[in-house]
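For what it's worth, the numbering used here labels the leading residue of the sequence shown as 465, then goes sequentially.
There could be a bad hint or two in this list.
Unchecked claim - Think about it this way: if two alpha-carbon atoms lie no more than 27 Å apart in a straight line, the pair counts; the simulated BS3-like pairs of lysine-lysine are:
#1 518 / 555
#2 555 / 512
#3 562 / 516
#4 535 / 512
#5 512 / 548
#6 492 / 512
Read the hints as simulated data drawn from the structure, not as lab findings.
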Amino acid sequence: MSASLYLEQMEIGPMQNFIYLVGDRNTKEALVVDPAWDISSVLEHARKDGMKIKGALVTHTHFDHVNGVDKLLEATDGTVYVHKNEAEFLKGMKSNIKRMESGSKLRIGTVEIAFLHTPGHTRGSQCFLVEDSNLISGDTLFINACGRCDLPGGNAEDMYESLERLARLDENTILYPGHNYADRPTSTIAQEKKSNPYLQRTTLDSFLKFRMGG
């Protein structure tokens, strides 16, 4: 982790969501990943660390990941970065929406964030690769699990392809999932390739049978 990188993990809400603050310690600028539930606590955490919130990164638009967007933006007047396939779901919010594509990059201070489109849980699910070595994975890749594919917009075949892509990242990449569903809050790509059953399915057919019970 680079000296200037600011990356904080908070478990908030009744669904064990992990919300993240990511930014640059030197410029004191940060973004909130998946603002939901208790925005006052998130803002207070940032304030205590001397960070100014500039907006939000959205992994996907399920309610438990975005129900605090309006409140966050009322307090910060920032920008919301969402994948273009899901921007429509934020139309009713008072948000300055920026539609992102896979391969897009953003700098917050000197910290670089790459956007990876990882459909499967939803059509517009995306992960954030921070400084090439930290993966904020939303509900795509969990520790020893992956996101559901049976909800509206979900697609198990897309999930398989997304997980295959994430498995090709550097094995030392640290995994920061969207929920606290495991016995530890973070992992690595190397650890997940060894222990996550969804990354051990070598064919689409075997993955579909395992994920969907077919």
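Below or equal to 27 Å on CA atoms is what counts here, so check residue 562 against residue 516. holds (19 Å)
Does residue 512 sit within 27 Å of residue 492, going by the straight-line distance between their CA atoms? Given pair residue 492, residue 512 holds - Cα atoms ~11 Å apart, limit 27 Å.
Are residue 512 and residue 548 close enough, with their CA atoms no more than 27 Å apart? violated (33 Å)
Would the hint linking residue 535 and residue 512 be met if the CA-CA limit is 27 Å? Distance ~19 Å between residue 535 and residue 512 Cα, so the pair holds.
Taken at face value, is the distance from the CA of residue 512 to the CA of residue 555 at most 27 Å? With Cα atoms ~32 Å apart, residue 555 and residue 512 exceed 27 Å; violated.
Residue 518 and residue 555 were given as a pair; does the straight-line alpha-carbon distance stay at or below 27 Å? Roughly 20 Å between the alpha carbons, so the hint for residue 518 and residue 555 holds.
Going through the hint list in order, the structure does not satisfy hints 2, 5.
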